[in-house]
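Peer 1: The lines below spell out each chain.
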Amino acid sequence: MQENYDIIAKYLAGEELSEAENAMIKKAKADPASWAEMKTLFRNSGQALKFRHFNAAKAWERVDSKTGTQSYRTRRPLTGWLKYAATIALLVATTLIVWQVAIPDKFITYHTDNSDLSRPGYILSDGTKVTLNHGSTLKAPRKFSKDNRTVYFEGEAFFEVSADTVRPFIVKAGNADVKVLGTSFNVRSYPENPSVEVAVESGRVEVASLAAKNNKQKVVLTKNQKGIVSGKDGNLVKHDYYHKNDLAWFTRHLEFDTASLAEVLNALNRTYHCKIALETDVDTTQMITASFDRQNISYVLDVIAMTLNLNVKQQEENSFYIENK
Amino acid sequence: MEKDKQYFSAIKNGDKKSFEHLFNAYYNSLCFYALKFLGDYNDAEEVVQDVFINIWEKRSTTVPPLSVRNYLFGSVRNRSLNVLKHKKIVDRHKSDNLKAHLEQSDDELYREIDLMNKINAQIDALPPRRREIFILSRDYGLKYREIAEKLNLSVKTVEAQMGEALKSLRENLKEYKKLIIGLVFFFRCGKGKTTFGCRK
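For the protein sequence lines, the chains are A and B, in the order given.
Here the first sequence stands for residues 1 to 325, where the numbers follow my numbering.
Here the second sequence stands for residues 1 to 200, where the numbers follow my numbering.
Calculated directly from the structure, the hints in this document are not laboratory data.
Do not rely on the hints blindly, as some may be mistaken.
Stated by the list, open to error - Sample of chain A residues with no beta-carbon within 12 angstroms of chain B, all distances over it, derived:
(1) Arg52
(2) Ala85
(3) Lys223
What the hints assert, rightly or not - Derived SDA-like pairs (lysine to any residue); straight-line CA-CA distance at most 20 angstroms:
(4) Lys244(A) - Lys118(B)
(5) Lys143(B) - Ser125(A)
(6) Lys226(A) - Tyr41(B)
(7) Lys118(B) - Ser291(A)
(8) Lys174(B) - Glu21(A)
(9) Lys244(A) - Lys174(B)
(10) Lys150(B) - Asp240(A)
Just so you know, even glycine gets a beta-carbon here, dropped at the ideal spot from N, CA and C.
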């Protein structure tokens with residue numbers, strides 16, 4: 001039989017279908033073997049694409065440097081006057097940083113508690129809009145200087161930076177500097193998970209790793225791209241796309257396509273900032289396909305539980321326990 | 001398989017090149033496996049890198065395993081479960097018997113990974129634009145309308161390209177038909193009867 005692949009793909013991708021198209025699908029389903037093959041192939045392809053998120057070449061650089069013997073580089077201790085110069089430089093730098101951060105009335109601090117899920121939005125003095133996720137702190141000067149707009153940040157926030165071609169907007173987060181002129185992007189930099197993630201929704205963003213061992217690393221990210229600075233060694237990795245779910249705390253839209261239960265729980269934890277404990281017997285490799293738009297966490301967990309035949313118990317307001325039925 | 005063993009014995013003698021070969025041959029598959037347990041891409045990569053670093057560091061005392069593949073996947077599984085334990089996602093009192101409850105056998109896992117590699121090879125063979133559209137839809141969960149906007153195309157074009165992609169995957173993976181169907185089991189959406197909230 002001649003398959004209408006356009007409509008079948010459209011259906012499998014979860015798009016809305018017209019009545020005529022739905023009738024086509026009914027016909028296609030009448031051949032169960034062929035239908036199962038296409039459906040599974042479509043699902044499997046999403047699964048297979050996860051392989052591409054892993055960058056073996058980059059990972060090899062890291063493992064290579066950690067296992068020594070070949071391109072081994074020894075660090076020579078500083079000698080003579082260099083030692084003193086370095087000490088003085090360090091002192092000056094520390095003083096400058098302390099001076100910049102500690103003078104209270106020059107800065108405004110925006111803060112959300114770890115349990116604050118209200119996602120407040122603020123407008124900075126240059127018109128930049130910042131939405132804060134839970135447990136986040138942003139320090140911004142009351143008035144930005146003439147040549148840059150530097151803010152200090154910890155936690156997760158979505159920045160919509162107002163355009164200013166003269167003064168770059170710089171977010172100092174963990175061991176990364178994020179520099180932009182006017183664009184929107186998400187920064188995630190919680191101290192308990194020391195890597196810094198930057199996802200760019202529009203415009204151009206420059207991310208520099210401050211802690212890279214060998215040389216200072218820098219990448220330019222454009223629309224849809226994502227950069228991650230490792231908290232361990234400052235290694236900087238660029239991805240061509242970020243996943244929509246990365247920004248779900250802001251957009252409240254979650255999409256799972258053959259994701260393992262472990263992946264789903266991670267994403268839920270990230271989006272709703274909830275604690276989900278699992279009974280040991282629960283297999284975290286079970287697969288789920290579902291999408292949720294502006295749903296609360298209890299609803300989402302109920303759907304997942306029914307799908308995988310599990311039991312969910314709510315323990316506290318934002319704490320859940322999942323067990324096998 | 002034999003090659004893996006040769007690599008492994010060469011590693012014992014400090015041959016870094018063999019170590020690199022082994023690393024490249026297995027890295028992505030092992031990460032994919034770790035991801036199933038951990039759900040986090042960074043955690044998964046870290047686990048796999050640690051496994052390899054550990055192999056190198058203990059190379060002089062390690063007895064070459066009967067099957068390098070089993071050894072690697074087994075190490076990744078154990079380490080992943082340990083990470084889960086540490087993260088306290090797992091109920092601490094009962095965490096010792098977790099291993100017994102994995103539903104997938106090694107054999108099924110290897111067949112799955114083999115198929116995934118075949119599918120990826122076919123996706124690689126798609127024309128660049130079609131490939132990009134397919135990846136945006138399948139991997140990044142974008143709706144057709146969003147893909148069209150991002151790539152400056154009409155929704156109709158996206159539809160047609162997705163259809164073409166599905167068609168060529170199916171035609172080129174015909175010989176794996178059985179395997180594809182055999183793997184249905186692992187992608188249970190709506191096991192039991194409840195499928196609401198679930199995409200078809």
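Peer 1: Each hint should be assessed against the structure and marked as holding or not.
Peer 2: Results of checking the hints against the structure:
| no. | hint | result |
| --- | --- | --- |
| 1 | Arg52 | 7 angstroms, violated |
| 2 | Ala85 | 36 angstroms, holds |
| 3 | Lys223 | 8 angstroms, violated |
| 4 | Lys244(A) - Lys118(B) | 26 angstroms, violated |
| 5 | Lys143(B) - Ser125(A) | 36 angstroms, violated |
| 6 | Lys226(A) - Tyr41(B) | 13 angstroms, holds |
| 7 | Lys118(B) - Ser291(A) | 28 angstroms, violated |
| 8 | Lys174(B) - Glu21(A) | 26 angstroms, violated |
| 9 | Lys244(A) - Lys174(B) | 32 angstroms, violated |
| 10 | Lys150(B) - Asp240(A) | 13 angstroms, holds |
Checked against the numbered hints above, the structure violates hints 1, 3, 4, 5, 7, 8, 9; every other hint is satisfied.
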